[in-house]
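Listed below, chain by chain, are the residues.
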Amino acid sequence: MESQKAALTLLVAPVVGVVAVFCLAPLAVLFCYSFFHVEFVEIAKQPSIGNYVKVAESETYRWLIAKAVGTGLSVAAIAGVIGYPVAFFIAKRVVLLKSVFLTALLIPLYTGDLVRIFAWRVVLGAEGVLNSFLLWTGVISEPIQALLFSTTATLIVLTYNYLPFMVLGLWLAFESLDDRLLEAAADLGAGRWATIRRVILPRTTPGLLAGGLMVFILVIGDYLTPQLIGGSSGVTVISAVNDLFGTAFDWPLGSAIAWSLLATMVALIIAAGLLFSRTRLGRSIISGG
Amino acid sequence: MERLLKGYVGLVYAFMYLPILVVAVFSFNASDMIAFPLSGFTLDWYAKALSDTRLLTGFGTSLLVAVPTAIAATALGAAAALALTRYRFKRKYLFLALLVVPFFIPRIILAVSHLIVMSEVGLERNLVTVIIAQTLIILPFTVMVIASVLIRLDSRVEEAAADLGATGWQIFRRVQLPLMRNGLIAASFIAFVLSSSEYVLTNFVSGRSQPLSILVASDFRFNLSPALDALAMLIVLFNVAIVVVSEAVRMRSK
Chain B
1 MESQKAALTL LVAPVVGVVA VFCLAPLAVL FCYSFFHVEF VEIAKQPSIG
51 NYVKVAESET YRWLIAKAVG TGLSVAAIAG VIGYPVAFFI AKRVVLLKSV
101 FLTALLIPLY TGDLVRIFAW RVVLGAEGVL NSFLLWTGVI SEPIQALLFS
151 TTATLIVLTY NYLPFMVLGL WLAFESLDDR LLEAAADLGA GRWATIRRVI
201 LPRTTPGLLA GGLMVFILVI GDYLTPQLIG GSSGVTVISA VNDLFGTAFD
251 WPLGSAIAWS LLATMVALII AAGLLFSRTR LGRSIISGG
Chain D
1 MERLLKGYVG LVYAFMYLPI LVVAVFSFNA SDMIAFPLSG FTLDWYAKAL
51 SDTRLLTGFG TSLLVAVPTA IAATALGAAA ALALTRYRFK RKYLFLALLV
101 VPFFIPRIIL AVSHLIVMSE VGLERNLVTV IIAQTLIILP FTVMVIASVL
151 IRLDSRVEEA AADLGATGWQ IFRRVQLPLM RNGLIAASFI AFVLSSSEYV
201 LTNFVSGRSQ PLSILVASDF RFNLSPALDA LAMLIVLFNV AIVVVSEAVR
251 MRSK
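Those protein sequences? They're chains B and D, same order as listed.
For what it's worth, this note's numbering labels the leading residue of the first sequence as 1, then goes sequentially.
For what it's worth, this note's numbering labels the leading residue of the second sequence as 1, then goes sequentially.
Check before you lean on any hint, since a few could be wrong.
Cross-link-like lysine-lysine pairs, in silico, DSBU-like; alpha carbons within 35 Å at most [claimed, not checked]:
(1) B:92 - D:48
(2) D:92 - B:5
(3) D:90 - B:5
(4) B:98 - D:92
(5) B:45 - B:67
(6) B:98 - D:90
(7) B:67 - B:54
(8) D:6 - B:98
(9) D:92 - B:92
I should point out that these hints are in silico values taken from the structure, not numbers from a laboratory.
Please put together the full structure from these sequences, using the hints given.
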């Protein structure tokens, strides 16, 4: 038993060490910096909450954080709606080629952020493929300018980027959904909609939440897509942090914005978890129903 | 209803592959313009992309980052996957949460906090810092791949080895390591691909030596040309080939 424990320590310690030293510690340092301020070109290390007051008072930063949350929620919702039938199909209709379907879904992810965004720019641009195709076929007579560099374009590409994560979360939930429950519902005379609403939806809600959480967090953290696809609408709270660490050189304020964003995200996730655990569905899942 | 579902799923997969397909088509199109109508077949863009020495140097730099990252992420991932699948311990969920935290921290925020620490310690930005940062965010993927192989393996083999008097190290060296070999190969391939295509962290913490992804980024901000289509296609084919091989290796471990 002792050697078991030693082996476990040997396995766990390096991983915990790496994450602690290279992720948690830098985030803690970032937190410390958020209380400093800039004097001329030096960073003055007298702690104050001035930066947080600035963030709270600034309409721009408040709006940017709200916008990030809004975009995260929207894309999570869109991906949920699009991905739900796909996850159902892979889990319940595909028998032999299941892993092929899943891998095929993930392969676009492995092409890298840049190539994906580049491809979408080619598709969406004013002189791009979609416009020239529509012009060529005579569907439109003027190129649609709004396709690229708009909020819509950003939403499309963000959904494209993170849909696989939503499908993965949902797929796991569908896999653990017992087929006999569906048969029982049918035997008891439930119609298709009643089965979906009363059996399938409640049983897959945890997957929907898990997938939604992943999409939400990843969308908020996405820097490149709004920058390269959104045009002038591409200013995000993340790009503001980036600017403050680059050209604007106000590391303390950037740190404070970064931590405000992290805190907002964590608070929202905890609030959502608490709300869910208070619903009847949440209680039944927690108590192992 | 069933046919409707099938058609819908087909549409979603088409959506996932549409941009890549478009890039593929225009990488063979004999025109400077990336627009319809198509004007003929050419391989010139590939020749152009492949003869660009700047890009080749960038590719070399990418390898300098991706190989060590793949090794580090696979080694740590194997340790974490073994701990998660072969041991019972309190706070397993905490350990799991710790593993995925770096992946979910916005990349820019992780990058700027590394920047602060480096300036505090007085370190120059260099490729080592890129390797460390990338290893952190790729770790969840390698853990997932290796754990998926370990879960399918019968842990009674290890129990039998222990009953026959093998020490912990012997079990690891003679039983677990050979059994999870395919998982390790698959994980390192996936890590390699994720590392070579990562941009944000790389851009922030890499100093003067610029990997391929950075060069591609600056190119397509300023000049969208079909040569870039060809380059993107080469990257996609390279990555997809590696992923497909690694998936095949992972599936075979039964």
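Each hint, compared with the structure:
no.: 1; hint: B:92 - D:48; result: 47 Å, violated
no.: 2; hint: D:92 - B:5; result: 14 Å, holds
no.: 3; hint: D:90 - B:5; result: 12 Å, holds
no.: 4; hint: B:98 - D:92; result: 29 Å, holds
no.: 5; hint: B:45 - B:67; result: 31 Å, holds
no.: 6; hint: B:98 - D:90; result: 34 Å, holds
no.: 7; hint: B:67 - B:54; result: 18 Å, holds
no.: 8; hint: D:6 - B:98; result: 14 Å, holds
no.: 9; hint: D:92 - B:92; result: 30 Å, holds
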